[in-house]
Structure formats: structure tokens, C-alpha cells
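Q: Sequence:
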Amino acid sequence: LTAHSMTQVAAVVTREYGGVKLGIRGLIQAYSDVVTTALSAVKKVRLIKTVQVKIQIPYGMNDQFLHQISGFDLKVIHTGYGEQVIHEIMVEKEVTPKFYHMLSQFENQGLKVL
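Each number in our numbering comes from the position in the sequence shown (counting from 1) with 1182 added on.
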């Protein structure tokens, strides 16, 4: 798993004894081969720690705001349209300080973090 840069993952290999003694090195190689084969057969997904942020913004600022956030690695998971626009946004945890700094620049124009 380490050779494939995998973290926070476990692999379980079960070997039925078939009468052949592989020895320690042989067991390590056999288990490694099984894990490598399994990893090549599945789609890998990168797990990312995220923070959900809910933002209320006036309609007149919405286009500018959406343009500004396009430079961040995030996902708008829901947008509600009422008296003002409310966006629920999923932001990668490591970029949240930078994201909140950008949000602070819009606060005097009516943006509110809910």
C-alpha cells in the first residue's frame, strides 16, 4: 500500500495453505502481488477533508461572487433563491483560511456567512 501512496487504508489477504511453504520472503511477495493486483482492478478515489460553508449574498453580487470563487477547489452543493441568494459550498479544508479571507472582502457589500 505504501508503494502505491495509499494512506488510511488496510488490505486483508487470506491464504489457504496449499502444501507449499513459501517462507517469510515468499509470503511477503505473495501478499504484495495480491494487493497490487487488487489495486489495479479498482477505481481509486482521493479522500479530501472538506468544510461546508453557507453564504447569503445579494443578487447583484452573485455573478461577481461566483467568478471569484471559481479560482478555488470547491463545489457548490446547493443554491437557494429567496430574498437573497444562499449558496452551500463544500471547500477543501486546507484552503479554507484563504477562502474565508476572500469572503471577508465581500462582507461590506452584503455577503454573510451563515
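Don't read these hints as lab results, they were simulated from the structure. Wrong hints could be hidden among the right ones.
[To be verified] Below 27 Å or equal to it, Euclidean Cα-Cα: the simulated DSS-like pairs (lysine-lysine) are:
(1) 1225 - 1275
(2) 1231 - 1203
(3) 1225 - 1236
(4) 1203 - 1257
(5) 1231 - 1280
(6) 1225 - 1203
(7) 1236 - 1203
Q: Each hint: holds or not?
A: Hints, one by one, checked against the model:
About 24 Å separates the Cα atoms of residue 1225 and residue 1275, which keeps this hinted pair within 27 Å; it holds. Our distance criterion of 27 Å between C-alpha atoms is broken by residue 1231 and residue 1203, whose separation comes to about 44 Å. Taking the CA atoms of residue 1225 and residue 1236, the gap is about 31 Å. The hint is violated against a cut of 27 Å. With a C-alpha separation of about 52 Å, the suggested pair residue 1203 and residue 1257 falls outside the 27 Å cut-off, and the hint is violated.
A threshold of 27 Å between alpha carbons decides the hint, and for residue 1231 with residue 1280 the separation of about 15 Å falls inside it, so the pair holds. Taking the CA atoms of residue 1225 and residue 1203, the gap is about 33 Å. The hint is violated against a cut of 27 Å. With a C-alpha separation of about 60 Å, the suggested pair residue 1236 and residue 1203 falls outside the 27 Å cut-off, and the hint is violated.
Consistency note: the structure conflicts with the earlier hints numbered 2, 3, 4, 6 and 7.
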